[in-house]
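**Q** Given chain A's structure and the hints, the job is docking chain B onto it.
Protein sequence lines correspond, in order, to chains A and B.
When we follow my numbering, the leftmost residue of the first sequence carries the number 1, and every step to the right adds one.
When we follow my numbering, the leftmost residue of the second sequence carries the number 1, and every step to the right adds one.
The set of hints was computed from the structure by calculation and includes no laboratory data.
Since we're looking at a predicted model, the values are computed, not measured.
Don't take each hint at face value.
[To be verified] Derived DEER-like restraints, expressed as beta-carbon distance ranges:
1) 232(A) with 21(B): 36 to 44 Å
2) 166(A) with 62(B): 21 to 29 Å
3) 80(B) with 338(A): 52 to 60 Å
4) 74(A) with 99(B): 52 to 60 Å
5) 27(B) with 272(A): 44 to 52 Å
6) 200(A) with 2(B): 28 to 36 Å
[Claimed, not checked] Calculated pairs, SDA-like style, for lysine to any residue (alpha carbon to alpha carbon, straight line, at most 25 Å):
7) 67(B) with 92(B)
8) 57(B) with 382(A)
9) 50(B) with 142(B)
10) 67(B) with 394(A)
11) 57(B) with 379(A)
12) 67(B) with 393(A)
13) 2(B) with 384(A)
Glycine included, C-beta positions come from ideal geometry on N, C-alpha and C.
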Amino acid sequence: MAPSAENRVWDPAELLPRARLAELQLERLRASVSRAGVTPFYDGVLSRAGVAPGDLRTLDDLRRIPFTTKDDLRAHYPLGLLAVPRAEVARIHGSSGTTGKPTFVAYTHGDLERWSGLCARFLVAGGLRPDHLVHVAFGYGLFTGGFGLHQGIERVGAGIVPVAGGNTPRQVMLLRDLRPDVLVCTPSYALHIAEVARADGGDPRELGLAFGHFGGEPWTEEMRFEIERELGIRAFNNYGLSEVIGPGVSGECAARTGMHVAEDHFLVECVDPWTLEPVADGEVGELVFTSLTKEAMPILRYRTRDLAALDRSPCPCGRTGARMSRVVGRSDDMFIVRGVNVFPSQIEEALLRVEGAAPHYVIEIARPGTLDEAVVRVEIRPGDFSDEMRHMVALRDRIDHEIHSITGIRMTVELVAPSALGRSEGKARRVIDHRRAGVPGRDPA
Amino acid sequence: MKLTQLSLFLENRPGALRLPCQVLGLAGIDILSMSLADTQQFGILRIVVKDPDRARKVLEESGCVVKATDVLAVEVPDRAGGLADMLGAFEGSGLSIEYIYPLAAGHRGKTAVLVLRVEEPERAAKLLQARQVRVLTREQAFEAVGA
Chain A
1 MAPSAENRVW DPAELLPRAR LAELQLERLR ASVSRAGVTP FYDGVLSRAG
51 VAPGDLRTLD DLRRIPFTTK DDLRAHYPLG LLAVPRAEVA RIHGSSGTTG
101 KPTFVAYTHG DLERWSGLCA RFLVAGGLRP DHLVHVAFGY GLFTGGFGLH
151 QGIERVGAGI VPVAGGNTPR QVMLLRDLRP DVLVCTPSYA LHIAEVARAD
201 GGDPRELGLA FGHFGGEPWT EEMRFEIERE LGIRAFNNYG LSEVIGPGVS
251 GECAARTGMH VAEDHFLVEC VDPWTLEPVA DGEVGELVFT SLTKEAMPIL
301 RYRTRDLAAL DRSPCPCGRT GARMSRVVGR SDDMFIVRGV NVFPSQIEEA
351 LLRVEGAAPH YVIEIARPGT LDEAVVRVEI RPGDFSDEMR HMVALRDRID
401 HEIHSITGIR MTVELVAPSA LGRSEGKARR VIDHRRAGVP GRDPA
Chain B
1 MKLTQLSLFL ENRPGALRLP CQVLGLAGID ILSMSLADTQ QFGILRIVVK
51 DPDRARKVLE ESGCVVKATD VLAVEVPDRA GGLADMLGAF EGSGLSIEYI
101 YPLAAGHRGK TAVLVLRVEE PERAAKLLQA RQVRVLTREQ AFEAVGA
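This is chain B alone, in the form it adopts within the complex:
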């Protein structure tokens, strides 16, 4: 039910983003989705890959600081109000969402898949399922991005 996301610490300087991307490229690891959070002085790159263990190993070997985090892959109808409906699952639960970014989107009229980082992924998954929202397995999530 959970997906492993890798987060990387990036210094704010030219070339800092390219290095981990090159390392993954050389190892033949495809980035399925990514999100970049930044402050003035440093950034955090979050990525989803098929083989997070191997990706983590090659990244750490190249000197990157990497952290693995559990996230949810959630299916949302790609229509007006689709995201708001999904978020309704958390109303009154006190669960806080750290961040969301798309894993697979852009097929208007079909469904989008979002990466959801919440404090308590298990509880969040239950709340979502109770609202008839599909939480994808790893395989289903990879299938959604054609990986």
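The shape of chain A in the complex, shown without the other chains:
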């Protein structure tokens, strides 16, 4: 299983013909359901649903198993879903909870080995070679991004500068002085690094980076162009979440037409968040993952709340894993303003259609009286500032018009000074909802 620099496929399993892949998936699904069944939680779930591993005759039988949600994980805090003896736990990671306590996930040594291989897959697909040096600006700690990528890079045999997050001027200094080839961080942080390098009087393209792997938060194609232009690199997208394993669930190949899901390790479904019925390929729905090979914490039909579309058509790169689109939003980030569903990605699209509007923005929603009011605060870029009021008003009006034409509702657009909105060094917070919980209409199922 030696990595081949020529065709840049890390693991031959990435090329398995679909029929062979399906056989492997069914075999692994039965084993995974058996492993999950040793936990009191899944034992209860499976027996209530009347499903035993032997009942799974085709992959479609997966749908007989109920969904697992983040709430289930919270209800079994801290390690209620652990399926192996504690002595076999090699690592614990966690995702930050918005409600205080994190959600923990556990790994056996075998899980860590598989996980680093999954990260190596997308790193190599994006061009990583053993002679490269990689600057990792992901947080190291409970967050899966730092260690996940770190181990994947080590597995490929490349060098690492484990800078972790924060202190951007220092990051820029290290990039200038150590001349790494590859940048790993969140996409918004990549732009922040470029901004700081430029504020320093330098040209971010002269940092000499060749490419970057970005993940940890949703981003847009326009952001990719901006990162590529600002830093003079090729930018690759990867996806993962700690509940499923962390980064490495899927990642882009050189074709960059979607992220290949490691389907030999995870079953992926795409469902309508309201009806929970499957949506057709190409349609946006909520992604649902089932782990096939995880030992410490198998997870069945986990509702990610991430909205994306699947494409199972063949990819020119030869990988057979289904490609998932960018995450276009969160089924729980989706907000309802005056009865209309709105995704932050729609606001991003509107801003990018208007020449001059940088993709830094925050949406605040409130209900001062009886009606919802949404305010979109948009940073203006110095180059777009005009001393003529009519130009500034026209800029604001164009943003206003685009938001209305894309979402169908009117929002108040406010122009703010550059960098007035906080830059996140982790996940970007785009929506601030001041309404009390449970106010508008329906919540996702």
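**A** Using the frame of chain A, we list chain B on its own:
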């Protein structure tokens, strides 16, 4: 013949105007004249200072969005009809005036100096001079405000 004016983007919130003024104050830069345009949500502060390059640098360092614009300093007799006479220079020219604000005024019976922002400052200056209106140099403009 042209004067450099600095424009600043201001958010509409308390303290937004004071910050750039403090920055200039700390740098020892005197605001010779100013005009504030506002909408409900943001404003544009336009200022004339003696050293626009240094002012721009300190303002940008403090995070302000600044734009430099060429404007004309025009002398107008401070009497009834003085401004109307001056504006007659543009009649039929198709030149549009973006805005005007005073640089030095209040000496009744003498002359006032106005800051004029027009689309084409060179052409505007020629039209004004053809009508015997004095367009001041930077030095003359600063002298008029006693700077």
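**Q** Checking each numbered hint in turn, tell me which of them this model violates, lowest number first.
**A** 5 and 7
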